[in-house]
Structures are given as structure tokens and as C-alpha cells.
Amino acid sequence: MSDDIVNIEVDGEAVEARRGQMLIEVTDAVGAYVPRFCYHDKLSVAANCRMCLVEVEKVPKPMPACATPVGEGMKVFTKSPKAIAAQKATMEFLLINHPLDCPICDQGGECELQDLAIGYGRDVSRYNDGKRVVKDKDIGPLVSTDMTRCIHCTRCVRFGEEITGKPQLGTTDRGENMKIGTYVEQSVDHELSANIIDLCPVGALNNKPYRYSARAWEMAQHATVSPHDCVGSNLYAHVLRGTVKRIVPRANESINESWIADRDRYSYEAIYSGDRLMRPRVKENGAWRDVDWEGALAQAADVLKSADQDKVALIATPAVTVEEGHLLSQIADHLGTANIDHRVGRRDVSDQDNDPMYPSLGCSIAEIEQHDAILVAGSNVRAEAPIIAHRLRKAAVAGAAISFANSSVYEYLFDVANYLSGAGLVELLAGVAVAAADGNSLPDSVTELCDGVTASGAHKDVARSLAEADRAIVLLGNIAGRHASYTAVRALAAAIAELTGASFGGLSEGPNSAGACLAGVLPHRAQGGENRVTAGLDVASMLAQAMDAVVLVNVEPDADIHAATDAVARLAEQAFVVALTPFVSDALLEAADLLLPTGTFAETSGTYVNVEGTWQSFSGVASAVGEARPTWKVLRVLGNLVDAPGFDYVTSVDVRDEFVARLGEISTSNAYEASGRIAKVNGADAPANDIDIPLYSVDALVRRATALQLTDEAQRARAVSDG
Amino acid sequence: MTATKVYVPRETSAVSVGADEVAVAIAREAKQSGTSIELIRNGSWGATWLEPLVEVEVDGARIAYGNVSEEDVPAMFAAGLLEGGEHKRRLGPIMEVGYLIRQDRWTCWRCGLIDPLSLQDFRLHQGFNALEKAFAEGPDAVLDSVTESGLRGRGGAGFPTGIKWRTVAETDADQKYIACNADEGDSGTFSDRMLMEGDPLGLIESMAIAGYAVGASKGYIYLRSEYPLTYAILTRALETARDSGWLGDNIQGSGFDFDIELHLGAGSYVCGEETAMLESLEGKKGIVRYKPPLPAHEGLFGKPTVVNNVITLASVPNIVNLGGERYAGMGVNRSKGTLAFQLAGNIKRGGLVEKSFGVTLRELIDDWGGGTASGRPVKAVQVGGPLGAYIPAAQLDTPLDYEAFVDIGAMIGHGGIVVFDDTADMAQQARFAMEFCAIESCGKCTPCRIGSTRGVEVIDRMIAGEKREENYDLLVELCDTMEDASLCAMGGMTPYPVRSVLKHFAEDFASSGGDR
Ligand SMILES: Cc1cc2nc3c(=O)[nH]c(=O)nc-3n(C[C@H](O)[C@H](O)[C@H](O)COP(=O)(O)O)c2cc1C
Ligand code: SF4
Ligand code: SF4
Ligand code: FES
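Top to bottom, those sequences are chains W and R.
Taking this note's numbering, I'd label the letters of the first sequence as residues 5 to 727.
Taking this note's numbering, I'd label the letters of the second sequence as residues 297 to 812.
Honestly, the hints are just simulated from the structure, not real lab data.
Incorrect hints may have been included.
Unchecked claim - The calculated lysine to aspartate or glutamate pairs, modelled on EDC-like cross-linking and capped at a C-alpha distance of 20 Å, are:
| no. | chain 1 | residue 1 | chain 2 | residue 2 |
| --- | --- | --- | --- | --- |
| 1 | W | LYS183 | R | GLU575 |
| 2 | W | LYS92 | R | GLU766 |
| 3 | W | LYS86 | R | ASP769 |
| 4 | W | LYS86 | R | GLU779 |
| 5 | R | LYS581 | W | GLU166 |
| 6 | W | LYS65 | R | ASP703 |
| 7 | R | LYS799 | R | ASP756 |
Just need the whole structure built from these sequences, with the hints factored in.
Structure follows, in C-alpha cells:
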């Protein structure tokens with residue numbers, strides 16, 4: 005028997021446990037439920053609520069299961085009269101002060117206090133003096149407060165201290181006057197802040213936009229996946245009669261654990277925004293009028309069929325689903341064009357032939373935590389992928405050396421090992437590469453880039469931390485991916501990884517860059533990654549040339565396209581632009597000629613492949629708004645109308661299954677091999693050229709989510725872009 | 297002719313009754329009469345009821361004058377004060393004052409005797425001998441002596457000090473700490489203060505010994521903010537020790553580094569609870585931590601930490617000097633050695649009485665305290681601060697012995713003894729105990745936070761005569777919940793005084809109002 009295993013008894017049943025483990029972990033593991041309020045498996049033990057009291061043999065007083073380490077031979081009774089009496093006594097105390105306003109509390113029906121009160125409470129209180137009343141706090145547009153309901157479990161406080169590293173909530177005063185607050189009036193505004201709603205066991209912290217709009221028990225819960233970043237956080241949509249009322253996390257330890265970003269939670273507001281395109285519209289002589297679907301689709305098909313095959317352009321975004329991508333790339337094939345792309349953010353495609361089969365992180369999301377040293381280059385990672393930022397923080401807290409190379413300085417809520425900034429990304433990385441080579445030869449591809457570069461102390465520190473680590477990785481972010489000289493950036497980062505023995509990977513844009521690549525929504529590669537015989541045009545080139553027909557698949561040209569400047573004006577000059585879109589905007593009205601209303605992620609079924617290569621399918625959870633149709637269905641009908649063969653799918657699952665069957669072996673290799681020596685980047689490396697998209701501007705949904713736009717974060721970003 | 301030594305205490309209780317003014321008056325009279333005196337501001341001997349207690353050294357003996365006021369001074373000079381002349385304030389040689397000579401002064405023996413801020417005087421009175429002995433014999437010998445002495449924590453819980461020290465000594469860490477608990481929040485207690493004001497270098501030596509024994513290089517004194525004079529004296533003493541190489545790197549060439557930081561609290565009772573104290577020392581809000589981990593494993597800044605009360609620590613030098621056995625030879629049963637008891641409340645002769653365990657409450661109250669100040673019979677005695685039970689007069693023959701006190705539902709705690717005469721309304725005292733908890737609860741855990749506030753309301757209803765029996769049962773259950781489920785002894789022991797009133801003085805609830 006190992007020294008680390010102890011034998012204990014839970015309610016008469018023999019159980020093995022790890023020495024030093026808290027009792028509650030063991031009772032949970034064997035399904036002996038112990039009531040609790042303050043304990044949470046992702047937070048440190050506080051042991052303040054005293055709800056989890058159990059009887060332990062030979063111990064006179066009841067013991068808190070969350071704070072009592074197991075010991076050899078311990079006999080625990082979770083439901084003995086003594087344990088139950090202790091739990092009931094605590095419950096009685098908690099209910100003295102609680103307002104018991106369940107009928108007007110959003111938490112009703114999913115409240116840990118309410119649930120436990122049913123099991124452990126009395127129906128009539130023996131304490132009839134006045135209850136304690138606490139003034140509510142305004143902590144911003146996302147989370148509502150009813151502080152009188154607070155039971156002081158401090159989960160919200162520990163979340164700030166331990167999970168985000170931004171302790172904005174704390175306790176002030178003592179005894180009965182103890183309260184939860186922000187010390188000074190301020191909003192709680194970390195990108196994961198609203199998780200405190202789920203953590204709060206009572207209705208003290210609730211979902212502000214959702215307030216009073218539904219009851220927990222009347223909504224249906226449907227699984228879905230976040231469309232906002234390369235993580236693909238798992239979500240549940242709570243839906244009332246076809247309308248999404250709120251979004252909550254769906255726990256998935258390997259992806260988002262039990263957290264979601266605030267934008268995952270609140271972007272659903274955009275589904276019901278006033279900007280929704282309610283029916284198809286066509287522009288005639290500069291004036292827009294509504295048309296029916298049939299007429300609109302027929303017109304789109306006519307335009308495509310009559311276009312010169314080299315003059316058809318199909319542009320999607322990395323939010324395109326696998327299914328949509330599969331249909332789109334088959335339409336392109338059928339029309340005989342390779343002008344198809346989803347890389348609306350990528351400015352430098354000169355090196356695209358050396359891209360991996362699909363962009364990947366280089367490790368699993370959970371594995372980030374297992375690294376000892378990480379260099380994150382060209383990334384505002386808290387905005388690009390809040391969950392990845394959280395994993396990086398966990399690694400840092402566990403002792404990993406996390407370094408950054410960014411032109412700008414972003415705030416990280418952990419000890420950053422080294423922060424290289426103030427210069428262009430190529431310059432910063434060249435310094436690290438030189439340091440990593442440490443006098444030895446550099447890979448040929450970067451010799452010219454590194455020519456004349458000397459490594460500073462900071463460069464050397466970064467290189468050393470990567471080289472000395474047992475497990476290290478170099479990660480490129482979205483800013484790197486949008487860099488005007490991405491080729492140089494990537495070559496240097498790959499060289500650093502190679503020289504230091506680190507692995508190499510990065511964040512991709514949107515929820516499905518990987519799936520879009522695999523599906524062949526690329527001008528130079530067909531489905532499955534095969535090189536096309538002749539490459540088509542990338543986004544910028546399509547816009548630069550005169551096209552007969554352009555199809556935009558859920559693209560907002562003013563906000564989503566960074567590959568080219570003046571995208572709106574260039575589109576407006578094109579002969580005919582068909583835009584599939586859930587939203588109308590001035591830019592689309594200017595750029596397009598035909599608008600086809602499509603559903604948001606909530607109204608569509610589909611599949612995203614996230615940055616670690618996990619395929620996640622989801623169904624539509626909400627009724628369509630107006631006449632919007634799922635994008636895959638629009639593409640399927642369009643395919644039929646242009647006579648593409650085999651377009652008789654009934655469901656999106658049919659589309660996916662066919663695609664999966666066709667898809668051969670998927671290479672997950674991130675190995676990078678440059679085609680020769682890369683030239684100096686003169687001029688293309690100015691920090692000012694970096695494209696950093698603010699947290700609440702990443703996509704059409706987020707941009708229209710009212711609550712998110714009211715946050716200090718969004719207002720700061722607007723102030724910057726306006727001024 | 298050498299200057300005559302005159303001692304006037306610079307100690308908070310003496311100063312509060314005019315010791316500073318007396319000192320000024322003495323200096324003035326001496327100057328006017330052209331005599332040269334050496335005015336020494338010593339600590340208090342502990343006979344608070346005699347303060348300001350002035351002593352004059354005549355032929356090697358110190359002649360004491362008690363309750364001296366500023367106005368007395370000219371007449372005392374006229375009566376030949378400096379020669380030990382007769383005066384109505386004259387008590388005779390200090391070593392013959394009965395209150396003092398019948399004590400067992402092990403820990404507080406230098407209090408009153410020496411000039412607290414004179415390194416020379418301290419050294420003359422064995423100061424730092426124990427630390428030197430410790431250096432000579434090694435840490436293990438210190439740990440052995442402390443264990444052998446049977447010394448238990450004087451801060452409240454009575455935990456064996458030797459075990460605590462050894463735990464810290466045996467825990468591996470790059471840094472360890474000694475945290476001296478000088479928060480002294482218990483009602484009716486002042487022994488920590490008297491020791492720190494009367495023998496500050498003694499506390500410093502004690503902490504250095506502790507540091508040496510367990511391998512800690514840094515100590516903290518967590519001092520309550522209500523002790524400004526103590527703060528000033530300790531600050532000076534720390535400077536003196538540092539300047540003379542008794543603190544700092546490589547103390548007296550021993551190779552041992554140790555320094556002490558003085559930290560002022562902010563007026564919270566619960567910050568005397570060791571984990572709340574550690575939080576406060578770390579600069580955080582003084583909230584109790586759950587245990588485990590024990591501070592001995594993960595204490596201040598997560599490092600192994602000895603948390604000890606002032607008196608616990610100050611008992612150690614003599615244990616090192618004279619051996620653990622000597623100490624263990626005093627006291628009774630598992631209560632070894634002495635405790636610096638403090639007589640307060642309605643008592644004629646209040647003050648500090650250091651006595652071996654085993655002495656009875658009655659002896660302390662009658663033989664030292666001289667009964668109540670009001671002259672009325674004793675009704676109740678609260679021992680061990682606000683969380684201690686109210687002991688009825690019938691139990692005054694209980695010997696001061698940790699276990700004997702537990703047997704009667706009481707505790708010795710820090711040894712504060714607060715006396716009430718027969719006019720005390722014990723129902724109000726029960727309410728006071730609950731209210732104290734409501735005010736001082738850190739608010740972390742449910743039973744204490746909510747129970748104390750609601751407990752006051754229930755007691756109020758009982759006092760008002762509302763459904764007295766129902767509320768009685770409710771109060772008993774409320775006490776059960778607080779006692780069983782609270783995170784720390786604050787909520788866990790508040791029921792003690794409340795229950796003691798229910799048990800011994802229930803009739804006091806009936807004396808006001810009727811059953812409505
Ligand atoms: C509410 C509360 C207040 C306390 N206040 C003090 C105090 O003022 N001084 C003290 O030495 N110990 C105090 N204690 C006891 C400490 O928690 C701790 O047991 C002690 O400092 C340990 O030192 P010792 O072993 O030398 O007694 C208090 C305990 C509680 C629960
Ligand atoms: S607000 Fe909610 S989570 Fe925070 S302490 Fe109160 S009950 Fe706990
Ligand atoms: S018992 Fe009282 S003082 Fe102790 S932790 Fe609980 S609330 Fe704080
Ligand atoms: S869950 Fe254990 S004390 Fe709160």
C-alpha cells in the first residue's frame with residue numbers, strides 16, 4: 005500500500021483516499037452529497053459557511069467536510085442525526101438574514117440556498133427580529149446585485165483573487181456588518197468577471213441583462229459552442245419559446261473548465277438586435293427593396309452562373325462552420341474558381357504554401373498549464389482568447405516563466421517573466437532568435453532577418469528561459485497573424501522554437517480557422533490540404549481586381565476585413581456583391597447588391613474545429629429571427645440553383661458526414677519550413693501597423709451585444725478608436 | 297556623594313494615576329533642595345493598587361512609598377524621602393511588601409526591579425544569559441528544556457509550547473518566523489503590557505531564543521494599538537538591542553541572525569486569534585484562517601511560524617537558565633509552572649500576581665485582592681477574558697489548573713480575573729458577552745456572524761420577559777450551534793459565559809419584567 009493512500013469509511017462504506025485530501029472531495033467522489041455553500045472545487049478552501057458539517061467518529065464536534073483532511077481509519081457520517089442536526093442548525097442561521105424573496109429572485113429554481121432550504125430548513129423561522137438589509141452595489145452592466153441575499157460565502161471574492169488575479173470584490177467591515185463590495189465604487193470588469201454569477205450560490209449576483217425576463221424552470225437548456233474565439237468554449241443556451249434568454253457555461257475540463265468569457269455569455273443579445281436583416285433585400289438603381297427568398301436566391305444563382313469563372317470571389321470569415329465551408333468550397337469547385345478565402349484578417353499571405361494543414365496551438369489547451377516556459381508573441385491574448393489567457397495565468401501561478409513579445413504593453417494579472425516591447429515584432433523576435441542561437445548558426449531562413457541584430461539582456465533572458473525549461477512553447481497570437489510581415493514573424497518564432505527546443509504553435513482567428521482550412525476555404529489549397537493546381541486569389545487580391553460576382557458569407561467588410569484597406573469601397577466598385585448576413589449595416593448597404601438574411605450561431609447547426617483540433621458540433625438552439633435561414637441551407641439551395649452536383653443534403657449532419665468521409669488523414673504538424681532566405685522587412689514592422697482588435701469588437705455579434713458595449717472596457721476601446 | 301536612586305514607574309497604569317507628574321515633582325524638589333538624584337523610570341512591580349509606587353534606594357535597600365501624588369512630594373522631601381524617611385505613604389522596603397513577596401516570580405521577576413531601557417541593568421540581572429547559554433548548548437537543548445518544563449501557551453489555548461516549537465523546528469523551509477502575540481485583547485488582562493513595559497529586553501531575548509531554537513531569523517511583535525507607551529518603550533528597547541549587537545546579523549558572533557519588527561494592530565479583538573493576527577501582519581484584513589494548515593506548518597507569508605503569547609515567551613529564559621525541571625516542579629497536575637494572574641474588576645487590590653498553578657481563586661481574590669472594592673460579597677468572577685465563563689462564588693475554591701477549570705466549564709486563558717459583587721446583573725453580563733462577540737466577530741463564518749447578533753436579540757427578549765422559556769430553549773440551541781460550528785474560538789466560546797449565566801444565575805433573568 006502506498007503511503008499516500010489512506011483508508012476511510014464514508015457512511016459505512018470503505019473508501020480509499022489520498023492522504024491530505026479534504027473530506028468533501030472524497031464524499032463527492034463516492035456520491036455522498038454534503039451540502040455546501042463556500043466550497044468550490046476551483047477555489048481555495050474558505051470554510052466559512054459551516055454548511056458542510058459531518059460527523060467524524062471520535063471527534064466531539066461536527067467537522068467541516070471541506071476543511072478536514074482525511075486520515076487513516078477515519079469514519080465519516082454524512083447523514084447521521086448529528087450531521088443532519090448540525091447542517092440544519094447552520095441553515096437556520098443563514099435563513100434568518102436571508103430575505104426569502106424567492107418569488108422575485110432570478111436565482112429561484114436554481115438556487116443552492118433554496119434547494120438546501122427545502123432539505124434542511126424549517127418552514128417557520130424561530131427568529132423573528134428584523135432582517136439585515138444591505139444596499140446594492142452597481143458593479144457594471146453585466147452583473148446585477150441584490151446584496152441583502154448574500155450569504156458571505158466569498159466565492160466571488162476568491163474568484164477575483166485566485167482565478168482572474170484581479171481582486172475587485174472583497175469584504176469590508178466585520179461581524180454582521182461584513183459585506184461584499186468593491187471598496188471604491190467601480191465596475192467589476194475582467195473578461196471572465198461574470199462567472200461570479202454562476203459561482204454565487206444565491207441570488208446576490210445575477211445576470212443583469214437577463215434580469216426578470218424568465219424563470220429558470222420554464223426554459224429549455226441546449227448545448228452549444230462559443231463562436232468568438234479559437235477556444236470554442238462549451239455553452240448552454242437557456243431558451244424560452246425559441247428565444248435565447250441567457251448563456252451559461254457547460255463544463256468541459258479540457259477546454260473551458262467551468263468558466264466562460266463574458267462575451268460568450270452576453271453576445272446572445274445581438275441575436276435580437278435591431279440590426280437584424282429580417283428578409284432578403286436587393287439594391288436596384290441605388291435603392292433597396294425587400295424581395296422574397298425564391299427571387300433573391302434565383303438572382304444570386306444567375307449572377308454566379310453568368311460570371312466569368314475567374315471573376316467569381318467567395319469570401320467567408322473564420323466563423324464559417326465546417327459544413328458551410330464544405331458547401332462553399334464545392335460551389336467554388338463547381339463554378340471553376342479558386343478565388344475562395346476565409347483569411348479576412350491576414351495581410352501577408354506570401355508564405356502561405358508553408359502554412360501547416362491547419363493552424364494549431366501546438367499542444368492541447370489544457371497542456372498549456374504543463375509548460376515551464378512560454379513565449380507569447382504578437383498577441384493581446386486576454387482579448388483574443390480569454391480562456392487561453394486564463395490557462396497562461398494558471399501556468400504562471402504554478403511557476404512557469406511566461407514572456408511576451410508585443411509592440412504594445414498589455415496588462416497581465418500575473419508575474420510576467422519578461423516583456424519585450426516598444427519595437428516592431430520582427431525586431432523583437434530577431435533579438436530573441438540571435439540570443440537563442442547564442443553564437444551558433446541560425447536557420448538559413450532568418451539569417452538575413454537577423455543580420456546586424458544584437459541581443460539585449462532581455463532577449464537573452466527570454467531565450468534562456470525557453471532553453472532551460474523542461475517543456476517550453478512559443479505561441480504566436482492574432483496580432484502576429486495580422487502582421488504585415490507575418491512571414492518574417494513566423495520564421496523567426498519558428499527559429500526561436502527550434503533553437504531552444506521549444507514547441508511551436510499559436511492562436512488562430514475566430515472559432516473555426518482550422519475547420520475552414522480543412523474544408524478548403526482557401527485559394528491555394530483544396531479540401532484536405534491538397535495544393536490546388538493553380539492557386540486562386542486571396543482576399544486582398546480579390547478585392548483589388550474587378551470581379552463579376554462576389555459572395556460574402558457573414559462578413560462585415562468594414563470591421564472584419566483587415567487583409568485589405570478600403571474593403572467597403574472596393575466591394576462597392578464590384579459588379580455584383582451578394583452578402584449572406586444576419587445583420588444590416590451601412591457598410592453592407594454600400595458594398596452589397598443583394599442581402600440574404602442568415603441565422604446567427606444560435607439559429608444554425610454546425611461544427612467548429614478549435615485551435616487544439618477538437619471537433620465540436622452543435623445544433624441550432626433558437627428560432628430564426630425574421631426570415632433568416634441557416635447559412636448552410638442558403639448555400640445548399642444556391643448550390644442546387646447553380647447545378648452543383650450532389651447537393652441533396654437534408655441536414656447539416658449529412659454535410660458534415662460527407663465531408664468527414666472525404667477527408668483523409670489530418671496532419672497536426674506545426675513544423676515550419678521556409679522557402680529560402682527571408683528578406684529584411686524594411687518598413688513593414690512599425691508598431692503602429694499592428695492590428696489589435698479590442699475584446700468587444702471581435703465579431704458582428706459581440707459588436708452588437710448591448711451589455712458588453714456598455715462595459716468600461718468597450719467604452720475605453722471606443723474612446724481610443726474615436727480619438 | 298553619589299546621586300540617590302529614585303524609582304518612579306513609567307508604566308501605563310502608574311502613568312494613568314499620575315506617575316509622570318510625580319516624577320517631575322521629585323526632580324523639581326531635588327533640584328530646589330540642591331540634592332543630586334538619579335531618577336529611574338522602572339516598570340511596575342504589578343501592585344497596581346499602590347501606584348504610583350515610588351522607591352528610594354538607601355544603603356542598597358529600596359524603600360517604597362505607595363499611592364504617591366504630585367502634591368505629596370514636597371512633604372515627602374521634607375520628611376526625608378531621600379533617606380527613606382517616615383511618611384504616611386511609606387510602605388517600607390519593597391522586598392517586604394506582602395503583595396509581592398508571596399509571589400512566585402519566574403517570568404515577571406525583572407518587572408519593577410530594573411531600568412527597562414538600560415542594557416547594563418538588564419545584563420546585571422542575568423539579561424541575555426539564557427541566550428548565551430542557548431548558543432552554547434545548541435537548539436536541541438533549548439527545545440528539550442522547553443518541552444521538559446511543561447510550559448503551555450499563556451495566550452488562551454494552553455497548547456504545549458515545546459510541541460509547537462519542535463513542529464516548527466522540524467518543518468523544512470527557507471524562512472521561518474517568530475510571531476509574538478501582544479494583542480492582549482482579553483478584558484481584565486494586562487500582564488503582557490506590564491512585562492513589555494517592565495522588561496522589554498527580556499521579551500527580545502525570549503524571541504531570539506525561540507528563533508534560535510526553531511531556526512527562524514525574523515520575529516514580529518503584534519502589539520495592540522491601545523498601548524502607545526508600550527510601543528514607545530519597545531521601540532527604544534529594539535534599538536538598544538540592535539545597537540549593541542543583540543539583534544541583527546551574527547548576534548554576538550554566534551553566527552545566528554535574528555531581528556524583530558514591531559507591528560501595531562488596529563483595535564480588533566479577533567486579531568488576537570493567531571491566524572487573524574497573521575493575516576493582519578501580512579497587511580490584510582484580520583480574518584480568521586481555517587486550520588489546517590497550522591501556523592507551525594504554514595503561518596506568516598505561508599512559512600512555518602511560532603505564534604506565542606508574550607508571557608509564554610518570557611517564561612523561557614529562566615527555563616533555559618534554571619532548567620525545565622525547575623519550572624515543571626512548580627504548579628499542579630498538567631498545569632506546570634507559574635502564571636501571571638491579573639486581578640481586576642470590582643477588587644480592592646488590583647494588580648499582577650505571578651503565582652504557581654494550584655492557587656485557588658479565593659486565595660487570589662482574598663489574600664491578594666483583599667476582596668471587592670465595594671466591600672460587598674463576590675457574586676461572580678470571570679476568568680480568561682470575554683469568552684470565559686462567569687464562575688459563581690460557590691466555586692471560588694477551584695484551584696487554578698487548566699483541567700480543573702475545564703471541569704467546571706470555565707477556562708483560565710490569559711489569567712485575567714474580573715470580579716463582580718452581588719449587585720451585578722448577570723443577565724446583562726450574558727448579554728454583554730453576546731454583544732461583545734457581535735461587535736468583535738470577524739464575520740467570516742455563519743454561526744458566529746449571525747448567531748452573536750441574533751443571540752443578543754434573544755437575550756433581550758428574555759430580559760424583557762417575552763416568552764422566556766421558549767427563548768431560553770432557543771438561546772441554548774443557538775449556543776450549541778455557535779459552539780459546534782464556529783470556525784474559531786471567538787464564536788466557539790462565546791457561549792461559555794452565556795451558558796454560565798443560564799446555569800448559575802438564571803434568576804437574574806427573572807428579576808426584570810414578567811412573562812408576557
Ligand atoms: C478571539 C481570540 C482572541 C485571542 N486573543 C489573543 C490575544 O490577545 N493574545 C494572545 O496571546 N492570544 C490570543 N488568542 C489566542 C491565540 O489564538 C493563540 O492561541 C495564542 O496566541 C498562541 O500562543 P500561546 O500558545 O503562547 O498561547 C486569542 C484567541 C481567540 C480565539
Ligand atoms: S455575493 Fe454571492 S458569491 Fe459573493 S459572497 Fe455573497 S453569496 Fe457568496
Ligand atoms: S467564529 Fe467568529 S471570529 Fe471566528 S472565524 Fe467565525 S466569524 Fe470570525
Ligand atoms: S462548504 Fe465547508 S464550510 Fe462552507
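(request) Take a quick look at whether LYS65 of chain W and ASP703 of chain R sit within 20 Å of each other, Cα to Cα. (result) Judged against 20 Å, a Cα distance of about 18 Å means the pair holds.
(request) Below or equal to 20 Å on CA atoms is what counts here, so check LYS799 of chain R against ASP756 of chain R. (result) OK: LYS799 of chain R and ASP756 of chain R at ~17 Å, within 20 Å.
(message) Next pair to validate is LYS86 of chain W with GLU779 of chain R; report whether the Cα-Cα distance is within 20 Å.
(response) Holds, because 14 Å separates the two Cα atoms, which is no more than 20 Å.
(request) Below or equal to 20 Å on CA atoms is what counts here, so check LYS581 of chain R against GLU166 of chain W. (result) 17 Å, holds
(request) Please work out if LYS183 of chain W and GLU575 of chain R have their alpha carbons no farther apart than 20 Å. (result) 18 Å, holds
(message) Check whether the Cα positions of LYS86 of chain W and ASP769 of chain R lie no farther apart than 20 Å.
(response) 18 Å, holds
(message) Just to be careful, I want the Cα atoms of LYS92 of chain W and GLU766 of chain R compared with a cutoff of 20 Å; is the pair within it?
(response) 19 Å, holds
When held up to the earlier numbered hints, the structure conflicts with none and fits them all.
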